[in-house]
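Residue numbers (the numbering used here), protein chains in the order written: chain A, 1 to 300; chain B, 1001 to 1618.
Rather than coming from a laboratory, the hints here were simulated on the basis of the structure.
Keep in mind the model is a prediction, meaning the values are calculated, not measured.
Some hints could be false.
Stated by the list, open to error - Some chain B residues judged to face chain A by a derived CB distance under 7 Å, without partners named:
1. 1040
2. 1043
3. 1044
4. 1127
5. 1129
6. 1226
7. 1230
8. 1234
9. 1246
10. 1322
11. 1358
12. 1439
13. 1483
14. 1490
15. 1534
16. 1601
What the hints assert, rightly or not - Using C-beta positions, here's what the derived DEER-type ranges look like:
17. A:139 / B:1371: 43 to 49 Å
18. B:1499 / A:93: 38 to 44 Å
19. A:29 / B:1207: 44 to 50 Å
20. B:1207 / A:286: 52 to 58 Å
We put the beta carbon where it would ideally sit given N, CA and C, even for glycine.
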Amino acid sequence: QRPVTIASLLGPDKPETLVWTYIEERLEERLPGAFDLRIATDASLGGEREVAEGARLGSIHGSLSTLANMSAWVPEGQVFDMPFVFRDAEHVDQVMKGPIGDEFRELYREQGFRVLGYVNYGARHLLAKEPLDSPEDVAGQSIRVIQSPLHTQLWESLDANPTPIPIPEVYNALQTGVVDMMDLTKSATVGFRLHEVVPYVVETGHIWALGILFLSEDFYQSLTPEQQEAFLEIGAEAADHFNALMAEDHASSMALAESEGAQVVPVDRAAWQEAIKPFWESYAPEVGGMERIKAIVETE
Amino acid sequence: MTASTVAERSAAARLLHGLDRSIAALATLCLSGLILILLANVTGRYLLGTSLVWAQEAAIWLFIYIIFLGLPLALRARQHIALTLLRDRLPPVWQPALAILIDGIVAYVTLMLLIAGLELMQRIGGTSPALLLPVWLKFLFIPLSCLASLLCIALAGFERGIARWQGPLSLLLGALLYLLLHHVEAVSLPAASVSLVMGLGFLATLLLGVPVAFALLFGVFLSGVALPLLPPPALVQNLVNGAGKFLLLAVPLFLTAGTLMNAGGLTRRLMDFAFSLVGHMRGGHGQVSVVSSLLYGGISGSSYSEASLSAKLLAPQMIRHGYSPPLACAITAASGVLPNIVPPSVALLILAAAGNLSVGALWLAGIGPGLLLALCLMLAVHLLARRQGQAPAGRRTDGATRLRHGLHAAPVLFLAVVIIGGIRIGAVTPTEAGVLAVTYALLLGLLVYRAYGLRGLWESLERSAQESALIGLLIGAAAPFAFILAAEQVPQDLVRGLTGLTENPWLILLLANLLLLLFGMILDIGAAILILAPLLLPVVVAVGIDPIHFGLVIVVNLMLGGLTPPVGMLAFIAATVTETPVHKVFRALLPLLAALLIGLAIVTYVPAVSIGLLELIR
Ligand code: NA
Ligand code: NA
């Protein structure tokens, strides 16, 4: 039995881990006794960046990574993090399973990551203490951001004050007013119980958090053709399985949050799209130009 | 000795000295840069409402630089923390052989770090999104520092009182080990138990007297011979990432603040104040040691710097007033537990980083247990003093004197209020609190009390850089160790084992405590937290125990390990500073340990002691 080191950032009952237990079971059916998948949960093998680095260095054989994290090696991938390029989850699926997705698979492979499938962590929504809905409402507010030039400049373009704060400190920072708002996916919001301090979930869905389910390319190349095929096929199914699990997770998380007093605030998407136009213009050169953005937006 | 060997000796010594000075200067510059960048970031956030996107990442890179620059400095100064059990018992004839063996293992680990570091720089690829610099630059000083370290090992005989051939021989041994383990096909270890190979490799070298950080790394490199779960470049990457966490930036900051406080005579004021408060009690000087550790703990997060300080200043006083030297050492060592429990605490910071917990919450939860343990220690000192028939130390001071000493210490104590208050109201993050503490200590020492000039400031920064490097290396070295355990699924086995035994939270707490005590005895606290917290937190959370409460149990428990053989850092430090045999200190520590164990039991089974204050505020 060949030991395979798999890193998951979250707990055993989360989609991030379940996607690998799914792969484990299916592999066992198809190639009994060939692999011993050791799925280390709760980021015990390191954070997202460390895990991806480990895949290049031979200590990690497989994991998930957001495309934002991958942009250290494939900066072109930042284009997927541009606000309002995707309409909905179906649009995301169309783009990533189409020619654009294939083109990026190749870019990731060149950097040592064999993509088994693209995954969708869900849309980031704005979390606020007040039921704001228009882009003008964020002006002058301080917002927690991840440490990324794209996110920082996005909120600066809307005249908000972006402040990077590590996630374990976020609850306290929001509660005590170090920052007024932040953005996150629904299931993560409820996972960190942030709806207790920022009860308004403003449904901007401005950025879709996308990722790859990957094997280390070196590990992939060490497999027999039969094993490679098994990983590719099962991996593709597993990515879809992940997306389904994630969608369920968002729905059940929101139901729980609403029962505890959270409120969903719908927004006028067109107004937001209009407001971030200047940011699109200014940031387009960083992500490969306006053409790339358009190619995604215009995918049917 | 001929004239030519004298000249030769001085040339080699001069080379080492020059190398040492330049590396120390570089490390000091890195620390200054780290402080300035974070200061600029805090100022910008408050005055201009914007943060520098690159500040965190830049500060982390500088911390990594400091850690590796500290490697040759600590090797030359013999500062790396090690166990001297064997060395102390070996007859003189055998000493050179042991020294060569130890240095040879250190040389092997250094050589591996050098080779792996170069490969890592080549293979890591990518660009830091925040700094817009290629990521390999983060590892820039690894090969350079490792080369300098190897030079230090090779030339050690020109400086220390050992034969000159010892250095080159150690280097040769290191190279042989490297060839044997990594280039001789026939050498193989059973792959079935990688963690076991690693653990045995660690323990064996540790008992030999190899410094803890090197013993940890040796264990991991050795396990790679059984099964390369962590190829050498990945090991170095793991080490760097283990130490290079944003939260851990508060470590060099609070260490610097502590050094500046000491240099500025600020800690002296705390001791005087403590004396005016409890000096008249039975066992007075022992009580002073406990109370001043508590006060000092309010501004410093490092138990090690506290233990060495009070061993230097208070232990001699205790001995003069009738305490036996081992007991005086034992009391200062035991009091050294407090600064890592009372906020700000470096141990709780490391725990927050390892367990994804809020530093603010952990620090607030540390207040109660800190006070409780201080009380336990004071009671123990009282009983010990009564048994030894010790007279009270001094006259009871009058209210006016207390007030005077209190006012004298007030500027220092004010910092404690600022740190805790600032974090509580959420005005500052822990790292920012560290920046605040450094700035405040600097202003007091440099401008208000004029205790030192720029030269003194530079020297303090240099010392802080070295101390940060030592702790940083220990934290980093524990990360690959923890990686192997996680990759081998030891946590899962442990969870299954523990929860299979019982689901009763009280019993789980008891079992967890026993496990912590066991590991705490052999591991340094930083390493122990990084290895054990991710293992144990899921188990206790599963049975409904508050993670912050359990966090305090972890740290209090592991701090007690600093007072026990074989690796008892606090006891080592106190024994080294006062030149007392460490095994006598360990014996004198027994009654104090018993008192602290009672405190631990209360912290474990009365959650209100730790999280009560937190819930009150919420
Ligand atoms: Na402290
Ligand atoms: Na110990």
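Chain A contact restraint on residue 1490 of chain B - CB to CB distance below 7 Å = This hint is violated: residue 1490 of chain B lies away from chain A, its Cβ roughly 10 Å from the closest one there, beyond 7 Å.
query = Does residue 1358 of chain B pass the interface hint, meaning its C-beta sits closer than 7 Å to a C-beta of chain A?
reply = holds, 5 Å
inquiry  = Please check whether residue 1534 of chain B passes as an interface residue: C-beta within 7 Å of a C-beta belonging to chain A.
reply    = holds, 5 Å
Hint check for residue 1207 of chain B and residue 29 of chain A - Cβ pair distance inside 44 to 50 Å = Between residue 29 of chain A and residue 1207 of chain B, where Cβ atoms are some 48 Å apart, the hint holds.
Evaluation of the interface hint that places residue 1483 of chain B against chain A, nearest CB under 7 Å = Result: holds, 6 Å to nearest chain A Cβ.
query = Under the criterion of a CB-CB separation shorter than 7 Å, is residue 1601 of chain B in contact with chain A as hinted?
reply = violated, 29 Å
Interface hint for residue 1439 of chain B, Cβ within 7 Å of any Cβ on chain A = violated, 19 Å
query = Quick one, is the residue 1040 of chain B hint okay against chain A at 7 Å, beta carbons?
reply = violated, 14 Å
task = Grab the minimum C-beta distance from residue 1129 of chain B to chain A and call the hint holds if it beats 7 Å, violated otherwise.
result = holds, 6 Å
ask   = Can the suggested window of 43 to 49 Å be confirmed for the beta-carbon pair residue 139 of chain A and residue 1371 of chain B?
value = Given about 46 Å between the Cβ atoms, the range holds.
task = Can you let me know if the beta-carbon spacing of residue 1207 of chain B and residue 286 of chain A is within 52 to 58 Å?
result = holds, 55 Å
task = Just tell me: holds or violated, for the beta carbon distance of residue 1499 of chain B and residue 93 of chain A against 38 to 44 Å?
result = Roughly 40 Å apart at Cβ, these two residues keep to the hinted range, so it holds.
Hint compliance for this structure: hints 1, 2, 3, 6, 10, 12, 14, 16 are not met, and every other hint is.
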